[in-house]
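Asker: Each chain, letter by letter, is given below.
2 protein chains.
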Amino acid sequence: MSGNGNLNAEDPESITVPLISGNNRCAFNNSSQDWRSRGSVHVFQYIFMKWFSCFLVGIIVGLIGFFNNLAVENIAGVKFVITSNMMLQQRYWLAFAVFFSYNLALTLFASTITALVAPAAAGSGIPEVKAYLNGVDAPGIFSLRTLIVKIVGSISAVSSSSNWKGRAHDRRDLITCGSAAGIAVSFRSPVGGLLFALEEMASWWRGALLWRAFFTTAVIAIVLRALIDFCLSGKCGLFGTGGLIMFDVYSSNMSYHLEDVPPVLVLAFVGGILGSIYNFILTKVLRIYNLINEKGIIYKVLLACSISIFTSFLLFGLPWLASCRPCPSDASEACPTLEGRYGVVVPAGLFVPVIVTGATYGRFVGMLVGSHTNLHHGLYAVLGAASLLGGTMRMTVSLCVIILELTNNLLLLPLIMLVLLVSKTTADTFNSNIYDLIMKAKGFPYLEAHAEPYMRQLTVSDVVTGPLQLFNGIEKVGNIVHVLRSTGHNGFPFSSEDFAKRGSGNGDKIEDIELTEEEMEMYIDLHPFTNASPYTVVETMSLAKALILFRQVGLRHLLVIPTMSSRSPVVGILTRHDFIPEHIFSLHPMLVSSRWKRLRFRLPPSSK
Amino acid sequence: MSGNGNLNAEDPESITVPLISGNNRCAFNNSSQDWRSRGSVHVFQYIFMKWFSCFLVGIIVGLIGFFNNLAVENIAGVKFVITSNMMLQQRYWLAFAVFFSYNLALTLFASTITALVAPAAAGSGIPEVKAYLNGVDAPGIFSLRTLIVKIVGSISAVSSSSNWKGRAHDRRDLITCGSAAGIAVSFRSPVGGLLFALEEMASWWRGALLWRAFFTTAVIAIVLRALIDFCLSGKCGLFGTGGLIMFDVYSSNMSYHLEDVPPVLVLAFVGGILGSIYNFILTKVLRIYNLINEKGIIYKVLLACSISIFTSFLLFGLPWLASCRPCPSDASEACPTLEGRYGVVVPAGLFVPVIVTGATYGRFVGMLVGSHTNLHHGLYAVLGAASLLGGTMRMTVSLCVIILELTNNLLLLPLIMLVLLVSKTTADTFNSNIYDLIMKAKGFPYLEAHAEPYMRQLTVSDVVTGPLQLFNGIEKVGNIVHVLRSTGHNGFPFSSEDFAKRGSGNGDKIEDIELTEEEMEMYIDLHPFTNASPYTVVETMSLAKALILFRQVGLRHLLVIPTMSSRSPVVGILTRHDFIPEHIFSLHPMLVSSRWKRLRFRLPPSSK
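From first to last, the protein sequence lines stand for chains S and X. Take UniProt numbering: the final residue in the first sequence is number 608, and no numbers are missing along the way. Take UniProt numbering: the final residue in the second sequence is number 608, and no numbers are missing along the way.
If we strip away everything but chain S, and leave its shape as in the complex, we get (with noise of 0.2 Å):
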């Protein structure tokens, strides 16, 4: 019997062929196969084990990012001091050979162990688990990298019963919570984290999923703060004495008055037209990046060698460029030394490199501003990096308090609600956020949640292909077998045991089961493994309608019926596929000017 939640109503993935025949009414009643009603103490192993699954995200993901962390403050923080030393020593080109090498030595390591063992591991990854959320399982979207959650699942999945198989549904939240926990450690800002999740990650919103993304988060920053604690003793080396807070810039006297706002103002703005003119030099350079990639192992290499060697020449340089000045005596705070934290913040990808740059601007501007303003050059360097986060990443709430959360400055709120507000406003009128830039440059069938207008014009029945593929109620081996060779879909009856997908995502292929002559000439009753109620639209359903049934309630399959009886029952299957809109204007070339009609007027964009 079916174990695998696929006739679930609340499984968005469950398979959707339909088999109306003339018994289908009575032909099964598919809540006898229901986990839930398989009696108490499976109920109760399964919340338990959602919740214990989340709980050791929580744990795994904070041990893992604190030892990434540690390992990644001592080994920059190594080469930080041999390199000082020795300009300490005058020992310039010495210095720079150890500083290129070390550099070099490390970026080769990295690229040959990505390049040859998990190609997927390289990048950002948030648009890859933004798309996967989003419902786009295409096969080697993830592996090193959800290594951790599929660890964690497979825990989970052999030390409960074997009975308790993942639903898609549960893998999901599960990924959701994990990119929680991800950006969380990443920079010791649990609610931070949590917020990013669900404001830029994911598509489908839960209260439940809220409070069980909050349970993981909280459990990292126990964490976080308990491995923090046993490093205080100073046992880890060359890692940072501070707490939770990274960058503190907490400073009881901070006050600011309405004539500080204008230059906040301009560079919040500023900020904005900057951050879309990255995101813009971005999906370029990564173009190109890719034609380099797509021509093997070895240009992929060299292609990171060459980056690595060109940015230290740049670090190295930098000093020549801008003279140093000397610290100031009467400086309240202490002057940054050797044995200071050096900015080497952990999370690599896009945030790091936009969060330093934004500083960087926001400190030039405070500098230009000069004494009109009782604004600090430290709080201007805060505003910087808000503006140009607000400019790239587009987000409001999570980066509000990720930016709380790493300065402990809650002061700052309505100057850096209004920064992030200006900054965002005039970015999008550009182009996309950065991680939706990237998603299509990478090809993924990313769906939105709001209908765009010309889909208002068009009908379900205009968009849907066939021809349509039905099965009898009992059905030959044979049939079944050769349907399944010769179509490229998925959305196909099967979950019994023997046909069941294995693992998380990555499944068996038809190709992959023997069957013997004598048995595909049986026949199979497919009544227990068919969705008698799968969701449905009538074909002069306009298509923003059924995109908006299609997004909300996370299908993978919508089932098109005809108004009219007429001989087929099924006028035919919508997937993700249908609803893209490259796919709508090949159908429909005449669509493309009205579109870009509509796009000119969608200054404010209503959409994140």
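Honestly, the hints are just simulated from the structure, not real lab data. Virtual Cβ for every residue (Gly too), placed ideally from N, Cα, C. Treat the hints with care, since some could be wrong.
[What the hints assert, rightly or not] Cβ pair distances, simulated, as ranges: (1) S:372 <-> X:364: 46 to 54 Å; (2) X:47 <-> S:235: 40 to 48 Å; (3) S:283 <-> X:465: 49 to 57 Å.
[Said to hold, decoys possible] Sample of chain X residues facing chain S (criterion: CB under 7 Å; computed from the structure): (4) 56; (5) 400; (6) 549.
Take the given structure of chain S and dock chain X to it, following the hints.
Answerer: Relative to chain S, chain X alone:
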């Protein structure tokens, strides 16, 4: 032509009585009447008005909240100063008389006004907003309370061309933004208010809504900051000189270690139990109050006054119960004096009693633990408030952020997350959160996001009730009027300018429309007003699955169609009422026992 967005695919309130007649497939191109196709000027105007409404809500709620705050702090402050001065002169009985009559006079004024002018304004208001945002659109659910929103809505609607009418969708978004603004201004916690509205109140999440609510609360933050800046110069009477942070508990030398965790865990656990007891008692007390209030206006006023008298005695008597302690002379901070800020915090309702009680409870635990902990009593008070909030409100992220914004102490974050986690989990095993309990007591048909297990054992045809009224495509006016008058439903296909609901919700009744005998004999073509593509489910679909669709897409009506072609093209229409457990149990009494069997195992509930 219809301008009310009735045919709009995104509009969850669109009317769904179908006209499945022979020519319905080509009867009506519904996108031609859609506002989006009206031309770019209108689209721009529409988008502008949506944002301008949010801006106005931010400004107006910010101003009202601030002046409310100002008034309360001055009125309560004057009382406090007069009473204290009398007590310093040892004139205790006179002081009590002033205190007593001051309180009684204010209560008398407030309760009389409420009882006479706006009975719906009584109470917290949050349950009403939550119910409304869930789709409960009972007449009179708002009155004085949504005045602001309505004023803003009207201003917007009038100032734009008369074509713009807020769709149900937009109205709901604006109310979400307004409620975020309300919480934000009450606690001077912009991000917390926003998250509260999203976590607790909104039934439908959308990226666009988050961004618009962020805009509103950012306006609030800026308005509040400017007004408080103005008050710093001492022009606001007794209004405090504090900034946005209400209770600044920042202390940079605060630290805590592993041994501090066990007492905090106990505090959180007991706080959770206390919270659920609080919820239980509150619902009982509210029931008694309701019984008294039903007897008439005099009883209402008498009830309020006796509560005021009781409270006056309690407050005034408190210092005699516990002896006052002298202010420690070595304290780093100044002792509170008459000149200092006094703790009359504005937002009445459920929040403040819980915060104050919880802080007292936490301080008490802190004193019990005594020297066994590194944590300061003040921090225990914050954690105690968090535990009781978690135990009554059962929110996570928003409470976390509100507490952080109130106290300006991010170092406490891991402990606060831990406390919320434990107290919410503990309290959830006993009863629901306070707002849900009040909603239930008020009888709002709130629709949960998740399906109960017994709903999987039912199909939609098990709950849908008839008989169904069908109209022909071209129908006699008299017939339509007869049906409208003889049924209680409101899902009718009228949306022309003549029949349209005016204002926001409390529309005209059929009885108010006067038609002559001649008009009654005429025929009307209903096709232009018809929703040609309603959302549908097949009659064999499980009720759980239909609920997911109904709730996720935010429908008001859902058509049930037969699996086999039969005499009628539609089996029935599902409304909110059909998904309410009480209704289902009345139809299928045998489910009640199985329901409780399941509930026993809901220990860690999977929903908020």
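Asker: Next step is simple, just say for each hint if it's right about the structure.
Answerer: Checked hints:
1. Take residue 372 of chain S and residue 364 of chain X: their Cβ atoms lie about 51 Å apart, and the range 46 to 54 Å holds.
2. Judged by the Cβ atoms, the range 40 to 48 Å given for residue 47 of chain X and residue 235 of chain S is violated: they are separated by roughly 57 Å.
3. Taking the beta carbon of each, residue 283 of chain S and residue 465 of chain X are about 56 Å apart, inside 49 to 57 Å as hinted.
4. Interface hint at residue 56 of chain X: violated, since its Cβ lies 16 Å from the closest Cβ of chain S, which is beyond the 7 Å cut-off.
5. For residue 400 of chain X, the shortest C-beta to C-beta distance to chain S is roughly 6 Å, which falls under 7 Å, so the interface hint holds.
6. The restraint placing residue 549 of chain X at the interface with chain S holds, with a minimum CB-CB distance near 6 Å, inside the 7 Å limit.
Against the hints set out earlier in the document, violations occur for numbers 2, 4.
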